[in-house]
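Put the two chains together into one complex; each comes in its own frame, and the hints tell you how they fit.
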Amino acid sequence: MLIRKPDDIPSSEITPEGLYQNRRAFIGTAGALALGGLAAPSIARGLARHGEVQEDKITPENDATSYNNFYEFGTDKEDPKEQAKDFQPKPWTVNVEGLVKTPRAYAFDDLLSKLPVQDRVYRMRCVEAWSMVIPWQGVPLKDVIARLEPLPSAKFVEFTTLYDPKRMPGQRRAVLPWPYKEGLRMDEATNALTLLATGMYGKALPNQNGAPLRLVTPWKYGFKGIKSIVKIRFTDRMPNTTWNDANSSEYGFYANVNPTVDHPRWSQAKERRIGEFLRRNTLMFNGYADQVASMYAGMDLRKFY
Amino acid sequence: MRRWVRPALWVLVIFPAPMLVAQLLLGQLGADPIDKLERLSGLWALRFLIASLAVTPLMRLTGWGWLVAERRFLGLAAFFWAMAHLSVYTVLDWFFDWHEIWKDIAEHLYITLGMLAFVLMIPLALTSTKASIRRLGGARWNRLHALVYVSVIAAGFHYVWAVKKDIAQPIFYGTMIAILLAFRVVWRIQRRSSARSVSGSVS
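Line order of the protein sequences matches chains A and B. Using our numbering, you'd call the opening residue of the first sequence number 51 and step up by one each time. Using our numbering, you'd call the opening residue of the second sequence number 242 and step up by one each time.
Read the hints as simulated data drawn from the structure, not as lab findings. Just so you know, these numbers come straight off a predicted model, no measurement behind them. In this text, a Cβ means the ideal position worked out from N, Cα and C, and glycines have one as well. Be aware that a few hints might be false.
A short list of chain A residues far from chain B (calculated; beta carbon distances all over 10 Å) [as the list claims (entries may be wrong)]:
id: 1; residue: Y121
id: 2; residue: T125
id: 3; residue: Q133
id: 4; residue: D136
id: 5; residue: K164
id: 6; residue: A196
id: 7; residue: R222
id: 8; residue: A242
id: 9; residue: K253
id: 10; residue: A254
id: 11; residue: V280
id: 12; residue: P314
id: 13; residue: S344
Here are the simulated PhoX-like pairs of lysine-lysine, each with C-alpha atoms no more than 20 Å apart in a straight line [stated by the list, open to error]:
id: 14; chain 1: B; residue 1: K277; chain 2: A; residue 2: K127
id: 15; chain 1: A; residue 1: K281; chain 2: A; residue 2: K205
id: 16; chain 1: B; residue 1: K406; chain 2: A; residue 2: K127
id: 17; chain 1: A; residue 1: K131; chain 2: A; residue 2: K216
id: 18; chain 1: A; residue 1: K320; chain 2: B; residue 2: K277
id: 19; chain 1: A; residue 1: K281; chain 2: A; residue 2: K131
id: 20; chain 1: A; residue 1: K216; chain 2: A; residue 2: K135
id: 21; chain 1: A; residue 1: K320; chain 2: B; residue 2: K344
id: 22; chain 1: A; residue 1: K131; chain 2: B; residue 2: K277
id: 23; chain 1: A; residue 1: K281; chain 2: A; residue 2: K140
id: 24; chain 1: A; residue 1: K151; chain 2: A; residue 2: K192
id: 25; chain 1: B; residue 1: K277; chain 2: B; residue 2: K406
If we strip away everything but chain B, and leave its shape as in the complex, we get (with noise of 0.2 Å):
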């Protein structure tokens, strides 16, 4: 199994592209081609990070250690897929347009979100590297990249807000976030009790 699971994902991160281009160009996409390539490319940013996320609870449910490579490639594809969607944003939508991009950045809540989900992811994705992790060290490189729940927590806010009124999908989205982010804080919870009685056992 471990020997397909790669494949399939570079299958499942990049097969999403020509699919929409293909689309794009057919005319399938719409009257309004940008808005929804917008849509699409964003939303795919928000998976790939969810399932980035998905992977340490599934690591402990199966002790498949293996996936830890996994986890980074997800992560990686989360940060390809949101620089497609800033590009669509940056050059179909507002054709660089800087002052209007700045002030929908600066005034409207849910594009400042989204620019922070996406700013946040940067550092990550530069230190996603095996040398990276060797040079700063398990422990620093781990508490660097909790950023991805602050940075999942604002595309899930992003998602919420760029919906007109019909938010059924953000809210099955922000379900499973809230239930991968829930798995840390009760492992934490955990610990610190486990800690404690280690130290009281002690004394």
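Same shape as in the complex, but just chain A (with noise of 0.2 Å):
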């Protein structure tokens, strides 16, 4: 398969190619690796049957960029790719602020810059019973920590997303309490699958998509992955999160993948792979047990859903 390299992408945006002709192996690694002594051998090839393991292929790049859910550009799916089309994702600041050495403005370049971006191909899953297969362009978060240099005190990250209604029109209606806010635990910041994501299919990472610069979690519900982030606050209090904040009931700060926990509405067994028919057998933590499960070990994961 052939990755063009368009030249309006900086270098540093660019995928390592050994790594991303090798993300079909990447795939299967992290499949396997995830669903350890389960189902191992069974990555199968094909269409495999009703309910069982199935290879995870990559989702379209077209259905990944206009079937979103980003409410800063309207409610339906497919409007955040027209709303956001005119949005201009740079220049862009992050602001780091709270417990941290030194709290100030980062010009986008600036916060990432000399971080080499990597290639990852995860899973998301939607707390509405779809999911996707996507490539991912980024930094490990956990890079990105240790170059702002928080204090000890710190216990969990908080992540804010643009607040500008002119920028973003779907935020001119109150359906959710704007900015939209998302959180993290240190550890799960600071876990090896955590990325903050610059691109997506080797290009830039498109408006829809949370452009320029967005929260990728592999193991938790899709809405934890913070888009067009502006805010890093380090903290010692969990950070109120604005799922949880919209409706607590339904929404928790964890938000973890997990097939034996239903949301009260829909039922999180099983779901829909875009583009596939079958519903599958969702697995714990998005098939990512082994990488994350430890982080929660002990807790009640229904009452920390």
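Laid out in structure tokens, this is it:
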């Protein structure tokens, strides 16, 4: 497969070629790792039967960039692509605040400069029970955090999306309490899987997918992946998060993908992979249990949903 | 005008179906076409259900008694689209996964209400013929068909709770349902008070 590298993508955002070409192998490895002893050999090729473990094929780029939950640009899935097409994601400034050695504002490029961009193919599971497989490009959040030097007292990280109803027309209606906020516990933020994404499918992040900078936590429901981040704040208290503020009985702080805990309105046991007909079983922690389950050892995941 | 109403309604009822199929084949239903078909078929069912509820107030306001036949037609149209909606849910969305379907109906109130709305429409659809009206007698037939009020309320809540957060659309349809039901409540109160005044004058 030929991966084109358009000239307008800055070199910092170009995926290492080897990694990109190995993405198939990466999915296989990630899947095998994730499924562990359960089903490692059955990363099946071809059509698997109903409910069996199936191959992770990369979602067509057009689907991943035209089917978006990004209420800042409208509440219909098709809205963000249309409403965000004139959005200018650069120049972009990220404010770093709170329990950190030097609180300051970073220009987008300064925040990420010298950190090598990595390629990560992750499953993404939406709380609405659909899923995709997306090749992201970005920087592990732990590397960014290491540069920002939070104080030892910092226990959580809070992220905030841009609030600008002029540029984000969806914010003109109070569908959610704006601006959108999300948060992670420090161990979740520094987990090896956690990515600050700057691109997908080998291109700069499209506006509707959260340009220029978004969070990707593949073992959590999609809404944790806060888009268009303008603020990173370190804190010693669990931060408020937007969906939890809007409806705490349905959306918790953790939002870990968990087929055994239903959303009050939607079953979470199965999901439809975009582009497929039959639903497939949802995997615990979206199939990344080996990498993340230890962070929640001893926690009641029904209570801390 | 009367001549045009029925053909126009036929077009209105049937037309969305080939439109949706065409959009599906042309790939215009987005990345999750099953979800879209499910939502749109349900929306058409609700629209025709509301339209059938609008007939009686319209008859009263205009004095067009012949509309009564269109009321049954619109009710059947709602039933047709509700069946389409249920078929999309059963076949396309869950592909006869009865275990999950049963769990969904039993555990999620909005699915329970959707099923209730549909089940209540079955006896109404079955008794929509003139022969049934004759057999049951007008009064009993009318009493049976009052079930549509329960059905439409269940359908309205089914819609509100099917939406994740932005309930502007369900509120719009819900308001229409509330207005159309309010007519009935007002009539009932009027009827009762006029009956009282009649009996008062007798005594």
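Going through the hints against the structure:
{"no.": "1", "hint": "Y121", "result": "violated (7 Å)"}
{"no.": "2", "hint": "T125", "result": "violated (4 Å)"}
{"no.": "3", "hint": "Q133", "result": "holds (14 Å)"}
{"no.": "4", "hint": "D136", "result": "holds (22 Å)"}
{"no.": "5", "hint": "K164", "result": "holds (36 Å)"}
{"no.": "6", "hint": "A196", "result": "holds (36 Å)"}
{"no.": "7", "hint": "R222", "result": "holds (13 Å)"}
{"no.": "8", "hint": "A242", "result": "holds (29 Å)"}
{"no.": "9", "hint": "K253", "result": "holds (18 Å)"}
{"no.": "10", "hint": "A254", "result": "holds (21 Å)"}
{"no.": "11", "hint": "V280", "result": "holds (22 Å)"}
{"no.": "12", "hint": "P314", "result": "violated (8 Å)"}
{"no.": "13", "hint": "S344", "result": "holds (31 Å)"}
{"no.": "14", "hint": "K277(B) / K127(A)", "result": "holds (10 Å)"}
{"no.": "15", "hint": "K281(A) / K205(A)", "result": "holds (17 Å)"}
{"no.": "16", "hint": "K406(B) / K127(A)", "result": "holds (13 Å)"}
{"no.": "17", "hint": "K131(A) / K216(A)", "result": "holds (17 Å)"}
{"no.": "18", "hint": "K320(A) / K277(B)", "result": "holds (18 Å)"}
{"no.": "19", "hint": "K281(A) / K131(A)", "result": "violated (24 Å)"}
{"no.": "20", "hint": "K216(A) / K135(A)", "result": "holds (14 Å)"}
{"no.": "21", "hint": "K320(A) / K344(B)", "result": "holds (12 Å)"}
{"no.": "22", "hint": "K131(A) / K277(B)", "result": "holds (17 Å)"}
{"no.": "23", "hint": "K281(A) / K140(A)", "result": "holds (15 Å)"}
{"no.": "24", "hint": "K151(A) / K192(A)", "result": "holds (16 Å)"}
{"no.": "25", "hint": "K277(B) / K406(B)", "result": "holds (17 Å)"}
The structure is inconsistent with the numbered hints 1, 2, 12, 19, although it conforms to all the rest.
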